[in-house]
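Visitor: Using the sequences and the accompanying hints, generate a full structural model.
Number of protein chains: 2
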Amino acid sequence: MHHLLPDIQLVMRPGIVELGWGHPDPALLPTEALAQATALTLADHGAAALAYGAEQGPGRLLHALAERLGRVEGVTPPVAQLMITGGTSQALAMLCSQLSRPGDVVLVEAPTYHLALRIFRDYGLHSVMVPGDAQGLHVETARTLLQMLRARGERVAFLYIVSNFGNPTGVSLAPERRYALATMARHEALMVIEDDAYGELWYDAPPAPAIYNLMPGGPITRLGSFAKVLAPGLRLGWMLADPTLVRRCTATGMLDSGGCVNQFTAHIVATLINQGQLDQHIANARAIWRSRRNTLLTALARHLPAGCTWHPILGGFFVWVRLPTHLDAAALLPIAEAAGVSYLPGTRFFATGGGHHYLRLSFSLLPPSELELGIARLSKVLRSARS
Amino acid sequence: MHHLLPDIQLVMRPGIVELGWGHPDPALLPTEALAQATALTLADHGAAALAYGAEQGPGRLLHALAERLGRVEGVTPPVAQLMITGGTSQALAMLCSQLSRPGDVVLVEAPTYHLALRIFRDYGLHSVMVPGDAQGLHVETARTLLQMLRARGERVAFLYIVSNFGNPTGVSLAPERRYALATMARHEALMVIEDDAYGELWYDAPPAPAIYNLMPGGPITRLGSFAKVLAPGLRLGWMLADPTLVRRCTATGMLDSGGCVNQFTAHIVATLINQGQLDQHIANARAIWRSRRNTLLTALARHLPAGCTWHPILGGFFVWVRLPTHLDAAALLPIAEAAGVSYLPGTRFFATGGGHHYLRLSFSLLPPSELELGIARLSKVLRSARS
Numbered sequence: 001m002h003h004l005l006p007d008i009q010l011v012m013r014p015g016i017v018e019l020g021w022g023h024p025d026p027a028l029l030p031t032e033a034l035a036q037a038t039a040l041t042l043a044d045h046g047a048a049a050l051a052y053g054a055e056q057g058p059g060r061l062l063h064a065l066a067e068r069l070g071r072v073e074g075v076t077p078p079v080a081q082l083m084i085t086g087g088t089s090q091a092l093a094m095l096c097s098q099l100s101r102p103g104d105v106v107l108v109e110a111p112t113y114h115l116a117l118r119i120f121r122d123y124g125l126h127s128v129m130v131p132g133d134a135q136g137l138h139v140e141t142a143r144t145l146l147q148m149l150r151a152r153g154e155r156v157a158f159l160y161i162v163s164n165f166g167n168p169t170g171v172s173l174a175p176e177r178r179y180a181l182a183t184m185a186r187h188e189a190l191m192v193i194e195d196d197a198y199g200e201l202w203y204d205a206p207p208a209p210a211i212y213n214l215m216p217g218g219p220i221t222r223l224g225s226f227a228k229v230l231a232p233g234l235r236l237g238w239m240l241a242d243p244t245l246v247r248r249c250t251a252t253g254m255l256d257s258g259g260c261v262n263q264f265t266a267h268i269v270a271t272l273i274n275q276g277q278l279d280q281h282i283a284n285a286r287a288i289w290r291s292r293r294n295t296l297l298t299a300l301a302r303h304l305p306a307g308c309t310w311h312p313i314l315g316g317f318f319v320w321v322r323l324p325t326h327l328d329a330a331a332l333l334p335i336a337e338a339a340g341v342s343y344l345p346g347t348r349f350f351a352t353g354g355g356h357h358y359l360r361l362s363f364s365l366l367p368p369s370e371l372e373l374g375i376a377r378l379s380k381v382l383r384s385a386r387s
Numbered sequence: 001m002h003h004l005l006p007d008i009q010l011v012m013r014p015g016i017v018e019l020g021w022g023h024p025d026p027a028l029l030p031t032e033a034l035a036q037a038t039a040l041t042l043a044d045h046g047a048a049a050l051a052y053g054a055e056q057g058p059g060r061l062l063h064a065l066a067e068r069l070g071r072v073e074g075v076t077p078p079v080a081q082l083m084i085t086g087g088t089s090q091a092l093a094m095l096c097s098q099l100s101r102p103g104d105v106v107l108v109e110a111p112t113y114h115l116a117l118r119i120f121r122d123y124g125l126h127s128v129m130v131p132g133d134a135q136g137l138h139v140e141t142a143r144t145l146l147q148m149l150r151a152r153g154e155r156v157a158f159l160y161i162v163s164n165f166g167n168p169t170g171v172s173l174a175p176e177r178r179y180a181l182a183t184m185a186r187h188e189a190l191m192v193i194e195d196d197a198y199g200e201l202w203y204d205a206p207p208a209p210a211i212y213n214l215m216p217g218g219p220i221t222r223l224g225s226f227a228k229v230l231a232p233g234l235r236l237g238w239m240l241a242d243p244t245l246v247r248r249c250t251a252t253g254m255l256d257s258g259g260c261v262n263q264f265t266a267h268i269v270a271t272l273i274n275q276g277q278l279d280q281h282i283a284n285a286r287a288i289w290r291s292r293r294n295t296l297l298t299a300l301a302r303h304l305p306a307g308c309t310w311h312p313i314l315g316g317f318f319v320w321v322r323l324p325t326h327l328d329a330a331a332l333l334p335i336a337e338a339a340g341v342s343y344l345p346g347t348r349f350f351a352t353g354g355g356h357h358y359l360r361l362s363f364s365l366l367p368p369s370e371l372e373l374g375i376a377r378l379s380k381v382l383r384s385a386r387s
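As they're listed, the protein sequences go chains F and Y.
Numbered per the working numbering, the first sequence spans residues 1 to 387.
Numbered per the working numbering, the second sequence spans residues 1 to 387.
What the hints contain is simulated information worked out from the structure, not anything from laboratory work.
Everything numeric in this text was worked out from a predicted model, so none of it was measured.
Ideal Cβ placement from N, Cα and C applies to all residues, glycine included.
Please note that the accuracy of each hint is not assured.
[What the hints assert, rightly or not] Pair by pair, the computed Cβ-Cβ distance ranges are:
1. Gln135(Y) with Ala189(F): 47 to 57 Å
2. Pro131(F) with Ala80(Y): 22 to 32 Å
3. Arg101(Y) with Val75(F): 36 to 46 Å
4. Arg101(Y) with His187(F): 52 to 62 Å
[As the list claims (entries may be wrong)] Reference listing, derived: stretches of chain F covered by chain Y, where coverage requires no fewer than 3 residues with Cβ under 8 Å from a Cβ of chain Y:
5. 51-60
6. 114-122
[As the list claims (entries may be wrong)] Here's a subset of chain Y near chain F, in silico, CB distances under 7 Å, partners left out:
7. Gln9
8. Tyr52
9. Gly53
10. Gly259
11. Phe350
12. Ala376
Guide: Right, here's the structure in full:
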């Protein structure tokens, strides 16, 4: 038989506990709920779900989403500020083409989501790192860097931040820093792209209000996604932005030609929201991931050698482990994989260097017993490396 | 009640026979077949269909598609040359970003697909028109223009052509011109983008072999779509290209981050193909559209005033009507709409001017009785305009 091409990105290697992938556990994907919602959607809205969609996204989903955001967050956005995207990756690419020119600078957290950095690179943008701490981005440092860059004649296209339970650190931007960032953005006329892929996956208490909600009319664009709270394969997300930017994004030739980037899955998700099944699935997923988060943190506290530290993790998928400074996570990776555990080395998440003694662990993919086994193996590797 | 946003692009105005829209008739969309295929897909391949997809597209669809192309066309492409797209619109945007730089020239047919022109404009490209006739593009003129442009120092990114039953003319590139174009493309190292959205919608005999198949290894990229043969809302298509270009297109940050642009609908279509339902749906749709094509052509022959001409239409969705030269289709449109019929004025399809006495009629959207009514009304308008 000839070699078959893979269906999915995820590769599970036998004998290795994969703590590197930030993918949802396939066993937690809402297959049943989606089957029901699809059947209902095709029965009641088949012609609309299969037609060229409105460029902004189908009204059914825009209205359902605005209503749900109002219910969950207490602020109902006007639908003119909302647009359906093909997930955050597609939205970031769209925003790069609308907001930047090759050679522009983008301000990013150090560390930040590594694949956003790749998208920015594809558009010819230079990512400049802004440091942060357990409270998130240093806003004053961002302002200083911005002013220095502008004084040098650089064009800064936008600042990109994962505001809740960030990838890779798990850190959320503190409430007072959100306000400071929104104020700075308006004062400096700097666009802030707020990637909120993880906000609904809180395990102890809901996150602080979105930066977008703190400064109505400010230069802030917020991205949401159904990849984590439902399923990545749906390729669906949403954007909240100034209506002028929404109109620019919907007025491209690609959308005039093809309509909504994902009309079929958009209608299915509208049905899921209207039936209350999105809320139910998120509640279930939250309970399961909360328990896995607890398992992972307990295992880390029990097993990891002294000198390793990590932030408290209140949501999302990730734990960001700081190793003693003499250990290099990238150099240790082959040894760890030989010992049956994998992770992402911290260096991946820094635009222009750094992070050698950090690693990212994800608890999104594996059941508790695997998480425990993985941490036991990792700890053994780290202890051996110390001796 | 507040104003609700629309779900779809299509707007049907009461009292107007809409012959302007090139959308499939909503009544012909395979709602039932898709409901069954989705249920089956989620039952048998749910975890893969909902996960981050392989960047090239899920292997299930790539293998099914290659096998089907071999069966239908007699040439089975190696899967390394195949990639799943989010429809032709997304594929064109992707190819613009991979193959062109702002300021480049694109060679296009005069007339050509108007929304492709919009996409090229978004990427800062200058479309240069190459004339054609009932046999399609003048290949020798394209070569002369290419050489002139290059001699002037212009960079020509690619030549774009709708090879079968083109939009708006309905014309297909003649077999001997296909060979001449493929040869010219290789000799001049000019990339040809062959948009084959309509090839399967033949009503009398299958089209000539694809340009892509005439010159293996040549600089030719072929785009296929499920928008016309299944449903636009699926946002799914495919690309056949040099494996190097496929690898470049799959290696973007956007796909690394989000995986296949439409993993869920890709799996559903794989199921449809494997169950034989795509072939069955195409056969049904072909029979219905053939009959509507016949109705429209008969009505045109019966009603249109002398001096109006059109090409024979062997497939696709469109009839391109040439009015007597003293009539201006754009100027007549408000009069036609007031008389209860609409169309697209020819000017839309010319990159840099022309087409005033042409109009495009589509028989994809409306049932036979509406087509007849529309042509009767249009003829009345044209006759009055002549007097």
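Visitor: Does each hint hold? Answer for all of them.
Guide: Verification of the supplied hints:
1. Gln135(Y) with Ala189(F): 47 to 57 Å: 56 Å, holds
2. Pro131(F) with Ala80(Y): 22 to 32 Å: Hint violated: Cβ distance 43 Å, outside 22 to 32 Å.
3. Arg101(Y) with Val75(F): 36 to 46 Å: For Arg101(Y) and Val75(F) the Cβ distance comes to about 42 Å; the hint holds.
4. Arg101(Y) with His187(F): 52 to 62 Å: 36 Å, violated
5. 51-60: holds (count 9)
6. 114-122: The restraint on the stretch 114-122 of chain F holds, since 8 of its residues have a Cβ under 8 Å from chain Y and three suffice.
7. Gln9: 4 Å, holds
8. Tyr52: 4 Å, holds
9. Gly53: At about 6 Å, which falls below the 7 Å cut-off, the nearest Cβ of chain F leaves the hint on Gly53(Y) intact, so it holds.
10. Gly259: 5 Å, holds
11. Phe350: 16 Å, violated
12. Ala376: At about 27 Å, which exceeds the 7 Å cut-off, the nearest Cβ of chain F leaves the hint on Ala376(Y) violated.
This entry does not satisfy hints 2, 4, 11 and 12, going by the numbered hints stated previously.
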